[in-house]
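Need the complex rebuilt from these two chains, each delivered in its own frame; the hints are there to steer you.
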Amino acid sequence: MNAVYVLWIRQLKRYVRSRARIVGALGQPLLYLLAFGLGFGPTFAKAGEGSYIQFLVPGVIGMSILFTALFSGIDLIWDRQFGFLKETLVAPVPRLMIMIGRTLGGATVAVMQGLIVVVLCLLVGFRPADWGAWPLALVYMGLIAVMFTALGTAVASVLEDFQGFQLVMSFLVMPVFFMSGALFPLGNAIRPIRVIASLNPLSYGVDGLRGALTGGGYHFGATLDLVVMCTLTACLLALGTYLFSRVQL
Amino acid sequence: MIQATNLSKRFGELEAVRDITFQVKEGEIFAFLGPNGAGKTTTIKMLTTLLKPTSGSVRIDGLDPVTDQHRARKRFGIVFQDPSLDDELTAYENMEFHGLLYNVPRRARQAGIERLLRLFELWDRRHDVVKHFSGGMRRRLEIARGLLHTPRILFLDEPTLGLDPQTRNQLWSHVRRLNEDQRVTVFLTTHYMEEAERVAERIAIIDHGRIVAQGSPQELKEQTKAETLEQAFLALTGTTIRDEDASSVDQMRNIARMWTRRRR
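Residue numbers (the numbering used here), protein chains in the order written: chain A, 3 to 251; chain B, 4 to 267.
It should be emphasised that the hints constitute simulated quantities derived from the structure, not laboratory data. The reader is advised that the hints may include incorrect statements.
[Said to hold, decoys possible] What the simulated footprint calls covered on chain A by chain B, stretch by stretch (three residues with Cβ under 8 Å from a Cβ of chain B suffice, anywhere in the stretch; the number is not a length):
# : stretch
1 : 6-18
2 : 85-95
[What the hints assert, rightly or not] The list that follows gives simulated cross-link-like pairs (lysine-lysine, DSSO-like), each with its CA atoms no further than 30 Å apart:
# : chain 1 : residue 1 : chain 2 : residue 2
3 : B       : K77       : B       : K28
4 : B       : K134      : A       : K15
5 : B       : K134      : B       : K77
6 : B       : K28       : B       : K55
7 : A       : K15       : B       : K77
Cβ coordinates follow ideal geometry from the N, Cα and C atoms, glycine included.
Looking at chain B on its own, in the form it has when it is part of the complex (with noise of 0.2 Å):
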């Protein structure tokens, strides 16, 4: 289903991917587990168009995402590590405008909308502006809505950061039932381990942009002679702390906040 091949990215002279290879097949979960800054958010990013890979290649559902943009497009839906519904529609806005952007016929986004909107428990909430959602409840309206194109494949960027455990624990029985239910090809990043093990069959373990290891969790284990994952994760990639690089998103951030509270 998602086929890398030697992939390199390359920001000057940051080596942010180097030379992976990895396979996902159809109806997988599949987790990419690294430290911050191992790489995860450049990969998922060249898997869904909108990086270009410095060398190596890339198949999704059999297309290039270089060459075949639009129609690689179709075929998956995306939950970014940052939040990125529109705060000023409604819940059910932001799905309709996500139907109407992937063409989704008219009839198929009326009920896919409700559909999907009563499965993640937000179909009371429709007509609620998302500003005044919770960071859970916004989790769930962003998964809700890339899967309104009935993708084949699920991206999920970091999912649950900054989630409580309850909303985890809820978020990954959704997941696991679309996995089941519908066949969904699941590919996901977290760097927390009691996640990965819980939800995915095979673990792609990052670090400095390489590929470390890969294998089911009770492969990882046995391959590090560790007892837990997380012994077996520290094995491989060390016991350094890592910096991660996103003091200018957090910046922004503020800046922004400011920003909106002297708009508003």
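For reference, chain A alone in the conformation it holds in the complex (with noise of 0.2 Å):
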């Protein structure tokens, strides 16, 4: 258990010491909440489909979880090749061990990055239905989180450096973000568009969020969006495990 915790103070603390990064992670979710929330606004309210920032924010919620939950996963490549894996690789701990204490690490950071761009959504004006629905969107915060540091810990098992990082930032990292639902309504989109998307874990996540903190509105339903995630993220965290655990250094 003390690998476990060890592993997840450690991104803890790197997390909260990095100020800089936590500041430039911002930019992004503010970016979309302005331009595209402000921008879009107008248009998305004079269709009839109500306030576009109620719309967008879960989405953008969604999006920075994403990113910083695959980043710490793919901060894997790094530890790899210059520091601290081999430290962890060579002490007798279970490697299952040190992937639950990496990802819960991965996960709890990118949450937190989450609720930052929470306040920041509150702060541009967004409203949730019903306070007590943070619960419910918590969980959905946290599938996310878990799901994507998995996938992120998975991809940086299989890569050998950071020659195929582009790669995995315009081939996965964009599309699930786009292809989400998160930026625009599925309901309304052309079917190749809704079949991509119901393809994309991110889908399911943000409909959840969006479900929860909008009072209904669901796209695929609770239960669905629910039951997608968990099963998703179980999947994700057993390939990431297995993955890892054949990483040779």
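Encoded structure:
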């Protein structure tokens, strides 16, 4: 258990100490909130879809968790070549514990980053339908965080170096974000987009988050969101653990 | 203390280590001397549970690192060729985390950290983040950390690479003192002849994955009728310059440097 704690607290300490990174990571959500939220707002309202900010906020929260979580997972690449990973791999600790500690740490950091974005959203004018919805929203935030930290770890376990990193960015992170219904309602989208979105795990996370925060307004439905998220998180955790267990130095 | 028997490691076509056999006695300082790419690091990795041998066997303090990984891991401390500290943590935190990973009880941990940080003259800087440390300080911290769980064997993989002569000198006195005071068995790799000669009681010279000679520095010189260990070394390994296969690692280091700069 010590190992899980060590790796968890390590991620937290590193996060809290890198203030520049925390602030830097807020730029993108803020940009989306302002440029898209305020820019598209009137058009969105004219189309009879209500307030765009209300719609967009769960998507932006989902995005910042997605980014932070994936990068925490991918941090493994560096730890592997330059640092701490060797220290943990020669320690008398099972790989599974290392994986759990890392993932929990990465996910906690991602949720914290998400919570900062929540505050930002409240400042921009977002109002949740019901304050009692936060616990459920937190569950979704946690699921998105664990899921993508595990995915990041899985990817980093396979990638040998940073050469593949840009590939991951362009073909994984960005498509997952854009094709998730984070930015636009899936209900009105053309069929191919809907099909792609329904294959995208983040869609269910954002949908659940949106449903919880705006009081209804689910695209897939509350039960389906939760079931898909839990199942996929478990699968990705298993995959991440398996791939990580095969990492050799 | 360490026994390797007919140890081999292949990576696909490449035979990095070929059928080596050697023994390190308890309390001894044993050096693995060889040119770049000779198989030194691969051997250390096999001894320290990080790589499975393709064939042959290893015993670490009587334990098999392949089948008895956990118990074997508690018996040794290791200082890697590349740094393995967490840059963004303080010296104390790096020590503390190591103690937790190795399940060192709280009291022993705190006492041990203080003793070792004082020994390696890092106590005053214990609350500083490691990224502000010099190369020598990092090395000292790594060695201090490797000793926190009171291992019986200390592995040092090219521990003085890139250090200035003062720091090297200091580092070796620390290592020798540990060996004398606490009977810690030391297994080190180096390609600096004078270091091997100065600190090691016995030396194995490895080249192209094979041990070409082993014995005390004196014996090696006699064997090759050389006056210095360097001549003995060249007589045994030839004078061709080896290409170090480090290009991919260097490349990554550059990318990482770029990346961390961008991040911070």
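Okay, the hints, checked on the actual structure:
Counting residues of the stretch 6-18 of chain A whose CB lies closer than 8 Å to any CB of chain B gives 5, which reaches the minimum of 3, so the coverage claim holds. Counting residues of the stretch 85-95 of chain A whose beta-carbon sits less than 8 Å from any beta-carbon of chain B gives 11, enough to reach three: the coverage restraint holds. As the CA atoms of K77(B) and K28(B) are separated by approximately 18 Å, the hinted pair is consistent with the 30 Å bound. Simply put, K134(B) and K15(A) have alpha-carbon atoms about 14 Å apart, close enough for the 30 Å limit, and the pair holds.
Restraint check: the Cα-Cα separation between K134(B) and K77(B) comes to about 28 Å, which is no more than 30 Å; the hinted pair holds. Between K28(B) and K55(B) the alpha-carbon distance is near 23 Å, which keeps this suggested pair within the 30 Å criterion. Distance hint between K15(A) and K77(B) is fulfilled; the C-alpha atoms sit about 27 Å from each other, no more than 30 Å.
Violated hints are absent here; each numbered hint is respected by the structure.
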